[in-house]
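2 protein chains.
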Amino acid sequence: MTRPFNFSAGPAMLPQAVLQQAAAEMLDWHGSGMGVMEMSHRGKEFISIYEAAERDLRELLAVPAHFRILFMQGGGLGENAIVPMNCSRGGAVDVVVTGSWSQKSLQEARRYADAQAAASNEADRHTTLPAPTSWRLRDNAAYVHVCSNETIHGVEMHTLPDLAALGCRAPLVVDCSSHVLSRGIDWSRVGLAFAGAQKNIGPAGVTIVIVREDLLGHALPITPSAFDYKNVADNASMYNTPPTYGIYIAGLVFQWIKAQGGVAEMERRAIEKAQLLYGYLDDNGGFYSNRVARDARSRMNVPFFLADERLNEAFLAGAREAGLLQLKGHKSVGGMRASVYNAMPLAGVQALVTYLQDFARRHG
Amino acid sequence: MTRPFNFSAGPAMLPQAVLQQAAAEMLDWHGSGMGVMEMSHRGKEFISIYEAAERDLRELLAVPAHFRILFMQGGGLGENAIVPMNCSRGGAVDVVVTGSWSQKSLQEARRYADAQAAASNEADRHTTLPAPTSWRLRDNAAYVHVCSNETIHGVEMHTLPDLAALGCRAPLVVDCSSHVLSRGIDWSRVGLAFAGAQKNIGPAGVTIVIVREDLLGHALPITPSAFDYKNVADNASMYNTPPTYGIYIAGLVFQWIKAQGGVAEMERRAIEKAQLLYGYLDDNGGFYSNRVARDARSRMNVPFFLADERLNEAFLAGAREAGLLQLKGHKSVGGMRASVYNAMPLAGVQALVTYLQDFARRHG
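Going line by line, the protein sequences match chains F and Y.
To convert, note that position 128 of the first sequence is 1327 in this note's numbering; the numbers rise steadily by one, no gaps.
To convert, note that position 271 of the second sequence is 1470 in this note's numbering; the numbers rise steadily by one, no gaps.
Hints are not guaranteed to be accurate.
Put simply, identical chains are the same to the list, so a pair is met inside one copy or across any two.
Computed cross-link-like contacts, DMTMM-like style, restricted to lysine to aspartate or glutamate with a CA-CA straight-line distance of at most 20 Å [claimed, not checked]:
no.	residue 1	residue 2
1	Lys1457	Asp1338
2	Lys1429	Asp1507
3	Lys1429	Asp1413
4	Lys1530	Asp1494
5	Lys1303	Asp1323
6	Lys1243	Asp1227
7	Lys1243	Glu1520
8	Lys1243	Glu1471
9	Lys1303	Glu1508
10	Lys1243	Glu1512
11	Lys1429	Glu1224
12	Lys1457	Glu1321
13	Lys1429	Glu1512
14	Lys1303	Glu1250
15	Lys1429	Glu1471
16	Lys1429	Asp1361
17	Lys1457	Asp1507
18	Lys1303	Asp1255
19	Lys1243	Asp1385
20	Lys1530	Asp1433
21	Lys1530	Glu1508
22	Lys1530	Glu1321
23	Lys1457	Asp1323
In short, the hints are calculated from the structure, not lab data.
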């Protein structure tokens, strides 16, 4: 039986092979007599799972040795507070606003720091990317925050900014939740990158933080000890009990990506899927449209609109019948949204385009 | 095939029926075409899972209508900061120190409030319970914190204190992580109770907070919005993406407890298992001992020592061979520890006592 194709923005589709392995190992992991959920996080079995996940992620993203990988909790919204608690030193923080997520990061950082928008695409309804040369960066910024893929608005920063070339010495903080592992990361431009797992990595409840070592140890006194990066790093993510099962699933996803050919292959597939989908959305006689500037379009999250919005419910009902799930757009944007993460096969996008064509023919 | 018996203090053994159901539903929950990990937290499928879990927990613990149930992240250590952020109002906090966990709660609360130990059993090496009449409670305390079961030291407060009878009007905050659902809770004495899931509820990464409504809305300005109880309550735990799979597993555990006969039946079994194990530890000719005062002994976590600690490694190796896993004590206490949560059947404790007898006979 073919599984339906699930276009949820997150929590999102996972590779079938990962789910099958997790199901098979649920009651007994590798002859240990325990399921992974039942293991002490300090026992040798889980430590081996943790270390493999950390090692595989480091390899997949070519994370340099002077960066630490932390497995944390609280998701992107939690991290919006945890980053300024750890990195702002109570000073200035510059945030590039490109959509809902960076807007939330800005608001939350204001609890802890003098946070300002260095640039904003709000006047364009979050459909463009402000050029880095236009960003108003302050000399005393403790860090500069960008969201390199806006899940809700479907805007992706395909190249991370080179702050040094802009004359800025602050570290770059990147929320890469919704494109992580679909492309490489240029670590020479990054101080800290974080990602909620529930898009391209695994289950909700795991947040991955990859942080340059010199940024550890500067937390504000009001930082909860469980969210102090230095505590987490010094204790290999075991300062408090980590979300063990989520880390296990993430580790299976990392293995799956390696077996598929790594991040380069994920990127190749992402480009292929995005070209197919945007190609049709741009050339269908006006029945559907995507409103994001071409150079700012996300490969992962593709919002689109029917010209006649009265057809939305019929569109979604027909999609469900065709085995195309969770296509409804975010309430703040409306319309539809197809999230096309690593686990979505090309066949899923082909099936979506076929349905788009068919629905347009029947209702056009 | 019989599964081994897993005495881990947490993450801990889960009911076999729960794991079997989770494995069976991994790729397709109730014909939805999605596994639970893949569902949007805002879709009708996951909402139904969430609402059933909340309803079943409310029923099992007889939670009154004026208490809200929150599903959060960060575990007990995270909650040690989140509670004073939300409830201290920056004022006085009185903590009853009965072991490692309440000690950590006291230290963390000092980041946000004038936190003091109202009593301590440290002089007794955390093996007794200070009588509530001896607690030094301040008139201006914003709340009084107790840990009603100390997982590491094996000390359990079998009756929650009646603060009003002590002349104290502050709400009682209870960390019940390691006995939740093994006994009822007298909500008339409680302002807030929290529990990390990874002992009696489900997978690590879910924290349950049950809070009286009048305690919402008083968070300090430095509280991360994702950890502000009012935000979490107003958004039915969906202010940020909740740990969906962990909530699903917790819900299956709640259903399992209901099918077994509810919390009263869990308590009956806990008493039966504890009597069997402590009975043997107290009457074995001095080969093994438990050092906790009888009226303070935990039904959930039973630390014990071999009189000849040189036999510890042989004891643990033999236990593993006998299918009795994760019996090593916490490093801060040493010796052994058998955690006997709801999912541990009587047969597991019987097997442990048989092994204790056999090992003593061979080495005594």
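Each hint tested on the structure:
{"no.": "1", "hint": "Lys1457 x Asp1338", "verdict": "neither (41 Å within a copy, 61 Å between copies)"}
{"no.": "2", "hint": "Lys1429 x Asp1507", "verdict": "neither (53 Å within a copy, 39 Å between copies)"}
{"no.": "3", "hint": "Lys1429 x Asp1413", "verdict": "within (10 Å within a copy, 36 Å between copies)"}
{"no.": "4", "hint": "Lys1530 x Asp1494", "verdict": "neither (24 Å within a copy, 56 Å between copies)"}
{"no.": "5", "hint": "Lys1303 x Asp1323", "verdict": "within (18 Å within a copy, 49 Å between copies)"}
{"no.": "6", "hint": "Lys1243 x Asp1227", "verdict": "within (15 Å within a copy, 32 Å between copies)"}
{"no.": "7", "hint": "Lys1243 x Glu1520", "verdict": "between (46 Å within a copy, 16 Å between copies)"}
{"no.": "8", "hint": "Lys1243 x Glu1471", "verdict": "neither (41 Å within a copy, 32 Å between copies)"}
{"no.": "9", "hint": "Lys1303 x Glu1508", "verdict": "neither (28 Å within a copy, 55 Å between copies)"}
{"no.": "10", "hint": "Lys1243 x Glu1512", "verdict": "between (51 Å within a copy, 16 Å between copies)"}
{"no.": "11", "hint": "Lys1429 x Glu1224", "verdict": "neither (33 Å within a copy, 39 Å between copies)"}
{"no.": "12", "hint": "Lys1457 x Glu1321", "verdict": "neither (38 Å within a copy, 51 Å between copies)"}
{"no.": "13", "hint": "Lys1429 x Glu1512", "verdict": "neither (49 Å within a copy, 34 Å between copies)"}
{"no.": "14", "hint": "Lys1303 x Glu1250", "verdict": "neither (33 Å within a copy, 27 Å between copies)"}
{"no.": "15", "hint": "Lys1429 x Glu1471", "verdict": "neither (40 Å within a copy, 44 Å between copies)"}
{"no.": "16", "hint": "Lys1429 x Asp1361", "verdict": "neither (26 Å within a copy, 40 Å between copies)"}
{"no.": "17", "hint": "Lys1457 x Asp1507", "verdict": "neither (43 Å within a copy, 49 Å between copies)"}
{"no.": "18", "hint": "Lys1303 x Asp1255", "verdict": "neither (31 Å within a copy, 34 Å between copies)"}
{"no.": "19", "hint": "Lys1243 x Asp1385", "verdict": "neither (34 Å within a copy, 39 Å between copies)"}
{"no.": "20", "hint": "Lys1530 x Asp1433", "verdict": "between (41 Å within a copy, 18 Å between copies)"}
{"no.": "21", "hint": "Lys1530 x Glu1508", "verdict": "within (14 Å within a copy, 62 Å between copies)"}
{"no.": "22", "hint": "Lys1530 x Glu1321", "verdict": "within (17 Å within a copy, 54 Å between copies)"}
{"no.": "23", "hint": "Lys1457 x Asp1323", "verdict": "neither (39 Å within a copy, 54 Å between copies)"}
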